[in-house]
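Residue numbers (the working numbering), protein chains in the order written: chain A, 4 to 491; chain B, 8 to 490; chain C, 60 to 160.
Honestly, the hints are just simulated from the structure, not real lab data. Keep in mind it's a predicted model, so treat the numbers as computed, not measured. It is possible that part of the hints are untrue.
Computed from the model, here is a short list of chain B residues facing chain A with C-beta under 10 Å [claimed, not checked]:
(1) N83
(2) Y84
(3) R224
(4) D288
Here are the simulated distance ranges between beta carbons [claimed, not checked]:
(5) T64/C - R252/B: 33 to 43 Å
(6) E353/A - A146/B: 24 to 34 Å
(7) D376/A - G149/B: 41 to 51 Å
(8) A84/C - A377/A: 19 to 29 Å
(9) E307/B - T64/C: 52 to 62 Å
The C-beta atom is built at its ideal place from N, Cα and C for all residues, glycine as well.
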Amino acid sequence: MSGGIGTLREMREALDSGGASSVEIVRCSLERAEATQPSLHAFVGLRAEAALREARESDARRRRGEVRSPVDGIPIAIKDNIVQAGEPAGCASRMLAGYVSPFTSTAVEGLERAGAIVIGRTNMDEFAMGSSTEHSVAGPTRNPWRVDRTPGGSSGGSAAAVAARIVPAALGSDTGGSIRQPDAFCGVVGIKPTYGRVSRWGLVAFASSLDQIGAFARSAEDCAWLLEAIAGHDARDSTSIPEPAPAFSAALGAGVRGLRLGMPKEYFEHEGAADAVLGSVRDAVAELERAGAQTIEVSLPNTRLAIASYYAIANAEASSNLARFDGVRYGHRTANANGLTEMYCRSRSEGFGAEVKRRILLGTYFLSAGYYDAYYRKAQQVRALLRADFERAFERCDALVAPTTPEVAFRLGEKTADPLTMYLSDIYTVSANLAGLPALSTPCGFADGLPVGLQILARPLDEAMALRVADAFQRITHHHTACPDGFA
Amino acid sequence: MLIGLEVHAHLRTRSKLFSPAPILYGAPPNHGVHPVCLALPGVLPVLNRRAVELAVRAALAMNCAIAARSVFARKNYFYPDLPKGYQISQYEEPLATGGWVDVPAADAADGAGRAAPRRVGLTRIHVEEDAGKSIHDDAIAGADATLVDLNRAGVPLIEIVSEPDIRSAAEASAYLRAVRSILRYADVSDADMEKGHLRCDVNISLRPRGSSALGTRTELKNLNSFRFVEAAASAEIERQAELLRGGGRVQQCTLSYDPHSGRTSVLRVKEDADDYRYFPDPDLIPLLLSADQIARIRGEIPELAEQRSERFQRGFGLSEHDAAQLTASRATADFFEVAATQHGDAKSVANWMLRDVAQALKECGTALEDTPLSPDALARVIRMVDERRVTVKGAKQLVSELVRSGGDPETLVAERGLAAVSDAGAIEQAVREVLAAHPEHAARYRAGEHKLLDFLIGQVMRSTRGKLNPGALRECLLRALRE
Amino acid sequence: MARITRAEVERVALLARLSLSEQEALRFARELDSFLDYMDQLAAIDTRDVGALAQPLVLATPSRGDDPAAAMDPGLVVANAPASAGSAFVVPKVVESEAEG
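Make a model of the complete structure from these sequences and hints.
Structure (structure tokens):
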């Protein structure tokens, strides 16, 4: 095989028809990952030997007629914060350099059970804190569409790897948009499922009440197949939804005729949004109308409070979740320290990067005596208001359509100097995490030669609706098939 | 003087509170851990249902109101034996509130001669996980290092917080005994202080005489024996009193007690820096308990002391006083019940236990459950007395020996020569000697004053140091008096 | 006007067990200030009758039975440890003033 890896469906068909073996596809995927490292730096580590061994096993299964799932034999990349036994799980942090996990995440267990092959670990913002994949101890990942641009973040490596045709699909995590924003920036499709749909067991926690594992691919259908492998109830995660995951792919192909799509006016009136982005999203909505959908304007009046609420909650939870990195049982420990307190302070200051430290300090401040009510509790109350906004909106429509990001991919270094500006660019994505809703991003055009994302939000547990709308859109448009130059 | 106790009791589960790790006491360091106990990246807590049931059971046994909704919260601080950097506890919404513990009258005597039963109110009972152990001992860890063992990290605990209702150091330890008794009766905890199943912090503040303002509170940490609780509380009361007498001010602080010097010393002064940043644990869902669930748990509570005492009075015909004594601890009540059933005469067994066994225990300074005496052995000893094979005096010696070192009662009787003398010749001679020494009493008996028989028996017993088979002696004496 | 004092930054950093350089502390004080200004919009919202939403979904309380899993292999327990002695973790000597809990 030569050139880029096809879509998951194409790979599956090649495997089924005997046109390619899993070993061939996985080898191609690995070679392409190696070859693109200097320009893109999508990966922090590859597991070539194990992946090829698993590919041989998959081929053997196929010969015996024991194919396990649509993703059997397919190479998948996973974000560096999802653990697999015997493999590093560095979270792109100096803190976890050399750390090897003794256990496997539920999501990766799902992949293994389905026969998918993990070829490597993708770059990310350290501990998933960031929107550009610049805050990585390994250095930034670059956007395949234009290498002076970021791929978004924090799952920038996974998005870049799919966009550059290195893998047909990848796993990432989304706490405030970390799947959808890189999807939009890199022109790929990705879904953050309902909170609790995919087990967080084995996902290194950033903000426990917001984190959710999700899928990257090049079509809604591919996302659905990957999601089927990783979703479902898990008794090891107390916040896992106690219901079996539905067959997400079964809902595809139903089209949008008769569906009512809500357009949140606060999203389309947002001052910080680029006209070209809004124009592209409006065009996409018009396409959906032509395909038979009805659109209405809805209001999410508390949207302007979402960022403040999100950063209070996310940072507070993070400050506590990251306390375990103390240099005692694992992780970085300073070379010289006098006494315990100094050992803690130095180890953590050396092990964490600037952005992580900033968020830990903010979160610690929000939880500290005298400020808890003003920030953390208040943010949780605003969270309740935001969810109520969505409940009201979903009384009138089946799904919401909106931009994924206010702007297209920004330049490397453009926003690192001003954290607040970086945070504000998450305005369209954080609400879905606060309310726990499934949300998907699919390419819907270009602005300044860079991809624009259309975001589709659905009711809790209704991933199928988001996938169905995206699938319908992909059947009538070709934005999702666009390939960055040099990666065909 | 206001004293309040915070008692931490391990719940008797097989696995930890939020981790499926087995609970292993006395295992080598880190041999009873799981990725959850180590707080490895990516792990999550899942609540042990059994621990909740036991905690609810304890709270019901202490008359608490169970919250329909309680919330697990993170208490954030750094310490090597706290792997996550936070302890999962309960803060704003605990499992149970209110309730009380009655401290038995006899134990509650506070030196001022008052012996009224004392009811100590409870503020709350909440569920939390234990921390691991830091080993500071230079001999083991070296002079520059501390070792960390996480076997205990995550073991389920309840914290029982009392109101500041306790009025003396002695009452503090009596209260702790009462709490332990309930925990054992309810089958919630082994509550063994030596093994660390039960630990206690004591809060003390003195109110200067004539002042209505509360004094500053100090906290004595981690006391692990009844004796230390009492001694430490006494020492701290004295320390505070001394300070106040000298016109000083008590500073809010945490103290430790040194049993060697018998003094308390300040561990650290409470500062604003003590900021645990509690917040609801986002990895856990609030704990909801329905009235049905609570009722079911209530139904599973084993018989508690009070009910057992009533049953002993009803079923065995014991007096209220005796029943109360025998049910003071579950171990004693269990012992009594087995011995009484085996012997058949509960009243007699009760007498032996409250008189002779209690005496023997007092002499050894030990508790019944820590002695080798079995209920079976006691029942057999009493039966030997009934059958006149040993005298009462011999039996007392036997009980004392069984309490100290155990053994088989029959074998001991033979080895120690405790069997009652039944030799007809020996008995006859002793009887004749006594009748010769008291001719007047013998004559009055023969004249119909039959109550003098007991006097004459007593005289024979005294002359033979109580070794004669009482049945044979009585027969022989009656025969001689008829002559 | 700056509402975050240098002392406050030091207090928070110690709580979080982070040591900051002079430069980092100044920068963080500035950033926290601007962030708190942004957060002021929360304070303006009337939430008297609004319950706090800690979790996006309302589930029945999940729990597990009291069945112990196998303990981890002690070698694996300390495999990632920066310092260990046998199966125990090793940290610098803890002095009494550092005791907590």
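Comparing the hints with the structure gives:
The criterion of a C-beta within 10 Å of any C-beta in chain A is met by N83/B, whose closest approach is roughly 6 Å, and the hint holds. Hint status for Y84/B relative to chain A: holds, with the closest Cβ pair at about 9 Å, below 10 Å. Hint status for R224/B relative to chain A: violated, with the closest Cβ pair at about 18 Å, above 10 Å. Checking D288/B against chain A by beta carbon gives a least distance of about 8 Å; that is within 10 Å, so the hint holds.
For the hinted restraint 33 to 43 Å between T64/C and R252/B, the CB-CB distance of approximately 41 Å keeps it satisfied. Separated by about 32 Å at the C-beta atoms, E353/A and A146/B satisfy the suggested range of 24 to 34 Å. The supplied range of 41 to 51 Å is met by D376/A and G149/B, whose beta-carbon atoms lie about 46 Å from each other. Roughly 23 Å separates the CB atoms of A84/C and A377/A, a value that falls within the hinted 19 to 29 Å.
A hinted range of 52 to 62 Å for the beta carbons of E307/B and T64/C is consistent with their spacing of about 56 Å.
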